[in-house]
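The task is simple: from the sequences and hints, build the whole structure.
Number of protein chains: 6
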Amino acid sequence: MKKIVLTGAAGALGTVLREPLSRSADELVSTDIAAQPESLLPNETWVQADLAKFDEIEPLMKGAEMVVHFGAVVDEKPFPELLGPNYVGAYNVWEAASQHGLRRVVYASSVHAVGLWENNADVDVTAHHRPDTFYGLAKCFAEDMGRMYWEKRGLEAVCLRIFSCTPEPQNARALGTWLSYGDLTQLVTRAVETPTTGFAVAFGVSNNDRSPIKDHGAHFLGYRPRDNAEDWAETLLAKAQPDPTDLAQMRLGGPFASVALGESGMAGIRALSGGDEEE
Amino acid sequence: MKKIVLTGAAGALGTVLREPLSRSADELVSTDIAAQPESLLPNETWVQADLAKFDEIEPLMKGAEMVVHFGAVVDEKPFPELLGPNYVGAYNVWEAASQHGLRRVVYASSVHAVGLWENNADVDVTAHHRPDTFYGLAKCFAEDMGRMYWEKRGLEAVCLRIFSCTPEPQNARALGTWLSYGDLTQLVTRAVETPTTGFAVAFGVSNNDRSPIKDHGAHFLGYRPRDNAEDWAETLLAKAQPDPTDLAQMRLGGPFASVALGESGMAGIRALSGGDEEE
Amino acid sequence: MKKIVLTGAAGALGTVLREPLSRSADELVSTDIAAQPESLLPNETWVQADLAKFDEIEPLMKGAEMVVHFGAVVDEKPFPELLGPNYVGAYNVWEAASQHGLRRVVYASSVHAVGLWENNADVDVTAHHRPDTFYGLAKCFAEDMGRMYWEKRGLEAVCLRIFSCTPEPQNARALGTWLSYGDLTQLVTRAVETPTTGFAVAFGVSNNDRSPIKDHGAHFLGYRPRDNAEDWAETLLAKAQPDPTDLAQMRLGGPFASVALGESGMAGIRALSGGDEEE
Amino acid sequence: MKKIVLTGAAGALGTVLREPLSRSADELVSTDIAAQPESLLPNETWVQADLAKFDEIEPLMKGAEMVVHFGAVVDEKPFPELLGPNYVGAYNVWEAASQHGLRRVVYASSVHAVGLWENNADVDVTAHHRPDTFYGLAKCFAEDMGRMYWEKRGLEAVCLRIFSCTPEPQNARALGTWLSYGDLTQLVTRAVETPTTGFAVAFGVSNNDRSPIKDHGAHFLGYRPRDNAEDWAETLLAKAQPDPTDLAQMRLGGPFASVALGESGMAGIRALSGGDEEE
Amino acid sequence: MKKIVLTGAAGALGTVLREPLSRSADELVSTDIAAQPESLLPNETWVQADLAKFDEIEPLMKGAEMVVHFGAVVDEKPFPELLGPNYVGAYNVWEAASQHGLRRVVYASSVHAVGLWENNADVDVTAHHRPDTFYGLAKCFAEDMGRMYWEKRGLEAVCLRIFSCTPEPQNARALGTWLSYGDLTQLVTRAVETPTTGFAVAFGVSNNDRSPIKDHGAHFLGYRPRDNAEDWAETLLAKAQPDPTDLAQMRLGGPFASVALGESGMAGIRALSGGDEEE
Amino acid sequence: MKKIVLTGAAGALGTVLREPLSRSADELVSTDIAAQPESLLPNETWVQADLAKFDEIEPLMKGAEMVVHFGAVVDEKPFPELLGPNYVGAYNVWEAASQHGLRRVVYASSVHAVGLWENNADVDVTAHHRPDTFYGLAKCFAEDMGRMYWEKRGLEAVCLRIFSCTPEPQNARALGTWLSYGDLTQLVTRAVETPTTGFAVAFGVSNNDRSPIKDHGAHFLGYRPRDNAEDWAETLLAKAQPDPTDLAQMRLGGPFASVALGESGMAGIRALSGGDEEE
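Chains as they are written, first to last, in the UniProt record's numbering: chain A, 1 to 279; chain B, 1 to 279; chain C, 1 to 279; chain D, 1 to 279; chain E, 1 to 279; chain F, 1 to 279.
Not one of these hints is a red herring.
Mimicking DSS-like on lysine-lysine, the simulated pairs with C-alpha atoms at most 25 angstroms apart in a straight line are: (1) Lys53/B - Lys77/B; (2) Lys53/D - Lys77/F; (3) Lys152/B - Lys77/A; (4) Lys53/C - Lys77/E; (5) Lys77/B - Lys53/A; (6) Lys77/A - Lys53/B; (7) Lys53/D - Lys53/F; (8) Lys152/A - Lys77/B; (9) Lys53/A - Lys53/B; (10) Lys77/C - Lys53/E; (11) Lys152/D - Lys152/A.
Simulated from the structure, these hints should not be mistaken for laboratory data.
Below is the structure:
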């Protein structure tokens, strides 16, 4: 492949993906609203750009075959704060990709597009949207838009509903929802390398014993997660506070399911874990 | 009921609804981006306001119990032109309604939220979104948002997926998709008067012999359409140009299914019919 | 048909059914724990018997072809009070019917077997059990038992999930859930006269505009309800107290959905209506 | 429409359809293995031809827009006897239609394509095939072939699963399964006149109280049956012999469900009714 | 956890579970209608009690967090013999648990709640009840009751539909239905330790090649069976007597599917295996 | 088992199956339209016979318990060329098996019975037929016929929808669709040795990372594929030509999905691979 564009390249997950994506194409264009990091990969260029501005995003797509779209505000915020980066940003990426004839968008969707479904509802990728936050609603919007661009313009899209992506599982919920960096890399790589995909949705979750979904969907992509949060079970269960009335414990979206609309759903998690979590 | 707010009151359908809604409440506040019409109903007030501006919409909700949200650009346009009125406008209505403790939003959704489904797919209200245009995508966005406001904040919503609402059916497709003004009025009135609704979706289509859906959904609302486009069948079929390869003929969304994204889907219809159609 | 047995013959619905059932067979044996009423029909005999006692029920079945089983305590009570008449009583009827080679049990099941389903869940007869009370749980038990007797012993059963069966609709909920006496009679008569039925479940509800179910199921029985609660809409809606947080308003089971287990779910209804309601 | 071809024009149903189809096109070509009847309609020509012979069928299609394919042996027979007219005949019709660029095949499929489904299984047009005879298996074959010609070559097909089509209902089963000649005519006429259909399946049954299916499918065709076998209920039920262990009574296919493969399923019916029945 | 109550502690499976459950809580109260075994675990107390008597069961729950309810007559019997221990006993356990504020019931349900489903029906935990015996019907009753206690009173329940739980697989059927003691222990342990569960159903079957179900359900519990009956395949298949007309061979319930209601379904199995089997 | 008949014994897959099937029975009768190979297995006899001729096939079944029916033209051809071997041949096998009282037909069905389904449609064995060719249509015909023989005459059938069965995966599509010879052998052997099967359908595909189906169905057969095409991924992906508009790339049937009806679908594959592929 000649060229891949990666948005959100300075985020926790973007940082993980730069190296493997640089091996999938002759040229990797990394972009973020943040400034260029100290070192780049040999075939990588960095463009600081604001997703909310079409004029800054559009030129990046020239000559590319795919865009891996991971750029977004990664937390719940009031709708007006997410409108630019998460909603208009997604539109800008799809529209620019379409104008330049790209083949595919690989998109960081999120469990929060379906975060109000119950853990025991046996949800699969065909379950209807039940966003838990404005953050999740942006993922619903982009997924529906991606299906439309495929059906109307033939632009492929693979929407990866990422669960709890961190170096290690951070809490009892993550025993089910953890996505390891290794499995993330495999999932994105396969979404890129599969020759044709049409429009597809898949859950991004590791091979956890306690995964709340039985099947990640989109089998033809060939995703086979290898990691399992179970090694951390004893430690993390010891800290769990069972509460059957707490939405956060019985819904796929976890704390995003119980947080007030517009307020951060990561606060508690980050306080506990002290690290970066992306969902 | 004390007070109802009607948005889009100057549109073709808003104009139809003003009188019946004025009978459902002590006070009707009609709003539109257009100026006040010459005459108002006795208990009606008119406020010219831009849906895209929260500060203009928010004060209207004070003291209201329900908002009947029909305001929007009613045609396909480039996304940036729809972003304010159709996307942000819907957010403004729901957020303002929630802040003022309204009970319910009755929303003019559209068949175009599912417009790429085939006529013979036996679609019901549980079928997943397949928007045919940016116009339809805005309806998907608002429906998902409405479900979230219900689940997170207890604000009810009834989303009415209106098909082809005109005084008379305009073309062969409308033999199936017509919604008469009488049936529209019944549907909106019942959506308003039903004591509790939670979140619900229903198709707004008359009792047409050739309706592409077998069931309008949300039976507890008590919608029983009475009109049937069949009286116009002979005339309208005579003009039909069968073309099995034309998406416009085999998809629920009709011409919106085949039009290019961002280009008007009403052009052809209006040329043929010379009238107002709202979907 | 030679002989039909009717249990619960002294109840409100049993009283309605005696006359039409007496016309469907040469002999009608009516039974109840209550004493014989003043007058009987020409081909009717009355046997006072306790459903909870197999020895009292078993002999009634001799020579019968069908039993129409409407006998039960018709309200929520603590489980031990329902165990005899509603649980063991149902077993006694099926087992006695089977021992005497009857062809069919026509059973007064109830909406309360599925009473915790939401009004807008588009429930049909294939939805799983969600009993709202010990009263409803007894209906679940009998339905599962009826299926088993059919599959293991070839005893047919038609389980009629009766909604709100009263002379007139009593409250706003009944605008959707009313079953008129005329439609009850039609439903039971057709369940009796259909030549073969196997095991079947059907909803007993009139042709109400606001019915919370779109389809009563078991079409081969030929049930076509004729009455519609809509004539009472204006009066009854005027009394409605909308409350979206009240389970009684948004679940099929109405007040049984929100009442405490073991406490009467009819109290409020009867206070309002002053009459007999059976569900 | 310029030209319609009708196969099986000398059969009971073909005879009913000649007149209405002659009004739908400038030219009607009627064909059958039987000789020309005494009188033809003004715009009708008759060609005696063997469906099993491609060379006899192919030329008839020249210049036609649609073929209404009702020709077949209408009873169960050993497979080798049905192979020519019912299997190869269907292939010949579709292939010839495709070669001559026809728009659509309207096909007399049959309930016997799904005849082993139970009356109380709530079957709709999406239920999988369960043929009851070699006769029904031919209908499965043609339906699957029709879908393929649509998907691969764009030749439309409307497959009408005809139930018990006779002047009057003949027996207790027909209280549910009757299709009146009037409703047949409506169904075929609408299948012909609908501008575009793609591939569709619909049940051909009248508006009977006791219909074993709740919905005839393919609503966009606009089929609204008007007749109801219920007027014959008292007479026909009086003759019914209930037998819950007889497949003929509890399966959609009736006597075809219980007859041995290869043996006539119409024998008993015709003995009872003395008339023509087509399914 | 402070305290767990185990019913049926003297049964074959109860005996297996005592040790692992004693490690999950500070205190294990074991109860059975049988007398105390010779030796107890350090933190275990034994109470001889009759499940059918509320007064004997109720006091055991005081101060407990969970009850693992495995007590029952484990075979098919006439209904009156199962009524006390299996039906009333289940009610007593749930009601007592609810009165004392326990968090959860972990219940030994059984494949026999769905035992009349065919092996090739691809059954999952959402399939409706099809009990094969009065024994299985008691499991249906308790599952429906458990769902109701969760929905009405917030008492969690995990219903484990145990298949053929023995030290080794006993016959050809068990190549699919075996549940090893190790996997039983894992399943119960995870049902206990999962912080919140709501109401859930899962199949208790090992990781057998020939399992008649593809998925055990309730993934968030984290059950990952490790054993596989395939090691016994050659030996056990050699003894198999294929008979496609025998319900015992093609239904999930095996011999319980073909046994007469009220007669022992274990007789044949025990004669073959000479051991304890619990289902 | 006393005797097994294998049809298509000289084909690529028949050749693979002769040895394992010879171990499953005292006597193996291998038949093909081709002449006997040079060497036979000790308990094998060879009969040259034409599947299209009942008189040649019928005598082979005498005394057999099962027939493994793999004989057919293995490519797309005009319908008249497939009619004898693939359609009538299948009838001859089932009818002859039924007349001689065989227990079971194990049938080489094909992915091409459902070849027009999309890769990302999450197809399972309950998806309706969507044949891609006359070759696939013959498989639909035989599957429907097999179900009917089971339901009407009690002749069991296991229909194995074989994907791409070759010694090694031949192209990028086969990374998902490959069926190794080892897994084929396991699948057929288990279909033969399972004591009772009724009518069942299963997908024949190896344990490939990129399998377009998530589940092969018919779990009670105990099929556990062991091979995985992923070892060939790097080599085969390098040759892939992504084209989202090419049906061959996004449908289960691959090149059969895009080939013209009646024209060979194997041509391209064989040109690339130079080997035998059977689907």
